[in-house]
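Generate the whole structure from the sequences, applying the supplied hints.
Each residue of the sequence shown is one higher than the last, beginning at 1296 in my numbering.
Please note that the accuracy of each hint is not assured.
[Said to hold, decoys possible] For lysine to any residue, the following SDA-like pairs were computed, each having C-alpha atoms within a straight-line distance of at most 20 Å: (1) Lys1395 / Thr1360; (2) Lys1470 / Thr1358; (3) Lys1465 / Lys1308; (4) Lys1396 / Pro1362; (5) Lys1347 / Ser1439; (6) Lys1386 / Asn1413; (7) Lys1395 / Glu1356; (8) Lys1379 / Leu1323; (9) Lys1347 / Tyr1441; (10) Lys1353 / Thr1416; (11) Lys1308 / Leu1323; (12) Lys1465 / Thr1392; (13) Lys1452 / Trp1402; (14) Lys1390 / Glu1356; (15) Lys1390 / Glu1461; (16) Lys1390 / Asp1431; (17) Lys1353 / Asn1403; (18) Lys1396 / Glu1420; (19) Lys1386 / Thr1397; (20) Lys1353 / Trp1402; (21) Lys1396 / Thr1463; (22) Lys1396 / Thr1360.
[Claimed, not checked] Simulated restraints, written as ranges between beta carbons of each label pair: (23) Ile1437 / Lys1396: 24 to 32 Å; (24) Thr1360 / Asp1381: 50 to 58 Å; (25) Glu1458 / Thr1346: 34 to 42 Å; (26) Gly1317 / Ile1378: 55 to 63 Å.
If you are wondering where the hints come from, they were derived from the structure by calculation, not from laboratory data.
Built from N, CA and C at the ideal position, the CB exists for glycine as well.
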Amino acid sequence: MSIYEDIMRAQVKQGNMGGRNGPLGYLLRDNKKKEKASKPKVQKPAKAVVTKNPFTIKLEEGTITNPTDSNGLSDPYLIIMAIKPDNSLSKVLFKSTVCKKTLTPVWNESGEFFVNDNVSTLMVELWDHDVLSKNDFIGRTIISMYSLVAGYTDNLKFYNGSENVEGTAKLTITKKEQGRF
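Rendered as structure tokens:
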């Protein structure tokens, strides 16, 4: 490479002599090819492997403090979602059946769901099912994944933005051993 070539390349780079699309634009294009060829390829780091852990849930019974329907009752159901590391919510991992027209729902149901090992918190929400209008939010609570390691049984309390308990639900969540699906 000569000094003359360097000067011409600098002039073309500044837009003189027709710039990149002019008759001397090849000086810049050829230089980029040489730079690309001389650069070592950098290997991208491998993505972290995320394991899905199986859990079982046994949802027994609950209470609704304030009725949400005009008949003085509610049609409660419960959902569980994971709070991802970026604080977004997962899809619904578990959804109970709807207990119709009651303030003391008895679900007595079991199920299972899977949670990625990079999740540290579950969000549990209590809702009132409505046929003709939007479902009513009753309350929510969170459960730390660390408390599920040895099994978890609690009478969860659900809150709706205040200190008042809006509902409860007794449930047990247990981590299944790997290989015992």
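| field | Satisfaction of hint between glutamate 1356 and lysine 1390, Cα-Cα up to 20 Å | value | Since the Cα atoms of lysine 1390 and glutamate 1356 sit roughly 14 Å apart, the hinted pair holds (cutoff 20 Å).
| field | Pair hint outcome, lysine 1470 versus threonine 1358 [Cα-Cα no greater than 20 Å] | value | Violated. Lysine 1470 to threonine 1358 sits at ~26 Å, over the 20 Å cutoff.
| query | Are the Cα positions of lysine 1390 and aspartate 1431 separated by 20 Å at most? | reply | Given that 20 Å is the threshold and the Cα spacing comes to 15 Å, the pair holds.
| query | Regarding the pair lysine 1386 and asparagine 1413, is the alpha-carbon distance no greater than 20 Å? | reply | 15 Å, holds
| Proposed proximity, threonine 1416 with lysine 1353 (alpha carbon, max 20 Å) | 18 Å, holds
| message | For lysine 1308 and leucine 1323, compute the direct alpha-carbon distance and say whether it is at most 20 Å. | response | The given pair, whose Cα atoms are some 7 Å apart, holds under the 20 Å limit.
| query | Does the structure keep lysine 1396 and threonine 1463 at a Cα separation of 20 Å or less? | reply | 16 Å, holds
| query | Taking only the CA atoms, is the gap from lysine 1379 to leucine 1323 under or equal to 20 Å? | reply | 46 Å, violated
| task | Take a quick look at whether lysine 1353 and tryptophan 1402 sit within 20 Å of each other, Cα to Cα. | result | Holds, at about 9 Å.
| task | Take the C-alpha atoms of lysine 1396 and glutamate 1420, compute the straight-line distance between them, and say whether it is at most 20 Å. | result | Status holds; Cα separation ~18 Å.
| request: Return holds or violated for the Cβ distance of isoleucine 1437 and lysine 1396 against the range 24 to 32 Å. | output: 29 Å, holds
| query | Does 34 to 42 Å hold as the CB distance between glutamate 1458 and threonine 1346, or does it fail? | reply | Holds, since glutamate 1458 and threonine 1346 (Cβ atoms, about 38 Å apart) stay within the stated range.
Consistency with the previously given hints fails for numbers 2, 3, 8, 19, 24, ordered from lowest to highest.
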